[in-house]
Amino acid sequence: MGVYKVECRLGTDKPLILLPKQLYNQVKDESFSKVKVKYGQKKIQANVKVSPNNTVIVSKNITEKLYLPQAIDLHILASQGRVVLGPIVGIMTTAPPYKGSHFQFQIGKKRRVFFSRFMEIAAKRNMTLFLFTPNCIDWQKRAVYGLTYLPQGQGSWVRKWYPLPDAVWNRVPHRGAEVRADVLRTKQLFKTVTNVLVSPDDYFYKWEMHEVLTREGSISQHLPETIQYRGVESLNQMLRKHPEVFIKVCSGSHGHGVIKFQKPDKNIVYSYHLKSGRLNKGTVYNRGELERFIFKATQKKTSIVQQGLQLAEFENRPFDLRATVQKNIKGEWQVVGLSAKLAGNNGVTTHVCNGGKVVPGNWLLKKLYKDGGAKLNEVNAFAIKVAKASERASGWMLGELGMDIAIDKLGHLWLFEVNTKPGRIVFAPEWAAKERYASYKMLVDYMQHLSGFGDV
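Residue numbers (the numbering used here): 1 to 456.
Don't read these hints as lab results, they were simulated from the structure. Any given hint could be a false lead.
[As the list claims (entries may be wrong)] Within a straight-line C-alpha distance of at most 27 Å, the following computed BS3-like cross-link-like pairs (lysine-lysine) qualify:
1) 34 / 5
2) 42 / 141
3) 49 / 60
4) 110 / 99
5) 300 / 260
6) 275 / 301
7) 421 / 187
8) 441 / 409
9) 367 / 330
10) 110 / 124
11) 370 / 409
12) 330 / 160
13) 43 / 110
14) 275 / 260
15) 38 / 330
16) 434 / 409
17) 357 / 300
18) 28 / 14
19) 160 / 109
[To be verified] Pairwise CB distance ranges (calculated):
20) 124 / 264: 57 to 65 Å
21) 161 / 314: 49 to 57 Å
22) 64 / 2: 23 to 31 Å
Just so it is clear, the structure is predicted and the values come from calculations on it, not from any experiment. Note that CB positions come from ideal geometry on N, CA and C, so glycine has one too.
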């Protein structure tokens, strides 16, 4: 077990692999002279001999069969009769085709920069990491025409064939793409045709996740009262119990599709942010007017009605916390970043696109509370508990979660939302550079864990 240089130097008719003495002793069995060589989901039977040095030397037919480069440093797991090269991980996304090609695609500059960060870290780990879309897969060949970033020199993007990977990190960019037929089919084929692990399965939806976590006793006391929106009576029912409530579109993100309602007298007052971020306020005076407004505002999408909370404030601005929780190389949950999102002036949500501001969460808690260290520990422990409960209750294999946690004026913790593919805007400020890099690194750690090479 370890990292070795793998080179193609042999032109033999039959597959042949030369292993350094220590690896040869681990795989050799006196009863046979062949080993199974595996890279990703491709494998080949090969004769095995001792290498003259510490380099793994393979024949040309092995590199062609396994889609191995001519020379590469890789981790090697060796056991009796078996040599596993890796790790190799694919990042699945969706993107427009490139020049009309079935196997090629194009991604914008921002996404290239985002993915290149992971590939730079992976390269330092001798880990193969590539980007692909569902159209890039040739299931008969068990191969993928992927795109990777080579950080050497000025850096360059290269397209080439890879074997189906050891694991797949699902970075399909939005909910609409997640339910596309090609994406659903690809995820299903990975599960049924291969043993490839795909994480995460999908996006969490607000109502489904609330229902799931309600059954988790340790979490349910931290959930605001929430019901499905089934007409204006759902809203009126909640307004009779709470001074302010919110309607939230289940598939919404970035604060879009969130409407605040209050009933100071017999009329209902609403406020929400337009897509431009501008705050829009109004009053409805009768049931019909209310029905028409909600129908138009939610575009008839599945929505929830949620209890409003008296949030704790910092400098007279309500805030909530975004905890980014990720698995490390051992598959254990850790809080990798904690940001506080301050609402804009009279803002309905704390989202930056709606006038909110992001500041360090640990700094704010220590400023606001007498024993800020204890409150920080409480929030971090709660975030880990939510992550474990979310994975257990959903039955999904998860590696990264973003959760919106609120603190009310009495100091009680509340959970607003859990996201399987959290946005990165909380890592954008300069003060978050350390957490940003830690997040990238830990996601690569988790991909390595998924691949089966987490202990090397």
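Verification of the supplied hints:
For a cut-off of 27 Å, the pair hint linking residue 34 to residue 5 stands: about 21 Å separates their Cα positions. The suggested pairing of residue 42 with residue 141 holds, with an alpha-carbon distance near 9 Å, which does not exceed 27 Å. Distance check on the hinted pair: residue 49 and residue 60 sit about 16 Å apart at the alpha-carbon level, within 27 Å; holds. The suggested pairing of residue 110 with residue 99 holds, with an alpha-carbon distance near 20 Å, which does not exceed 27 Å.
Taking the CA atoms of residue 300 and residue 260, the gap is about 17 Å. The hint holds against a cut of 27 Å. Between the alpha carbons of residue 275 and residue 301 the distance comes to roughly 17 Å, so the proposed pair stays at or under 27 Å and holds. Between residue 421 and residue 187 the CA atoms are separated by roughly 16 Å; this keeps the pair inside 27 Å, and the hint holds. Using a Cα cut-off of 27 Å, the hinted pair residue 441 and residue 409 is violated, with the two alpha carbons roughly 36 Å apart.
For the suggested pair residue 367 and residue 330, the alpha carbons sit about 34 Å apart, so the restraint of at most 27 Å is broken. At most 27 Å may separate the alpha-carbon atoms for a hinted pair to count; residue 110 and residue 124 meet this at roughly 22 Å. Among the hinted pairs, residue 370 with residue 409 is consistent with the structure: their alpha-carbon atoms are about 14 Å apart, no more than 27 Å. For the given pair, residue 330 sits about 30 Å from residue 160 by alpha-carbon distance, which is inconsistent with the 27 Å threshold.
Only pairs whose Cα atoms come within 27 Å are accepted, and residue 43 paired with residue 110 is rejected, the gap being roughly 36 Å. Note on residue 275 and residue 260: the hinted pairing holds, with a Cα-Cα distance of about 15 Å set against a maximum of 27 Å. Proximity of residue 38 to residue 330 is assessed by CA-CA distance (about 23 Å); at most 27 Å being required, the pair is judged to hold. In summary, the hint linking residue 434 to residue 409 is not supported, as the alpha carbons are separated by about 31 Å, beyond the 27 Å threshold.
Of the supplied pair hints, the one linking residue 357 and residue 300 is violated, its CA atoms being roughly 31 Å apart against a limit of 27 Å. This hinted pair checks out: residue 28 and residue 14 have alpha carbons roughly 18 Å apart, not beyond 27 Å. The hinted pair formed by residue 160 and residue 109 meets the criterion: a straight-line CA distance of about 20 Å does not exceed 27 Å. Remark: the range hint 57 to 65 Å for residue 124 to residue 264 is upheld by a beta-carbon distance near 59 Å.
For the pair residue 161 and residue 314, the beta carbons lie near 53 Å from each other, so the given range of 49 to 57 Å is met. Distance hint check for residue 64 and residue 2: the Cβ-Cβ separation is about 25 Å, which falls inside the suggested range of 23 to 31 Å.
Of the numbered hints stated above, those contradicted by the structure are hints 8, 9, 12, 13, 16, 17, listed in ascending order.
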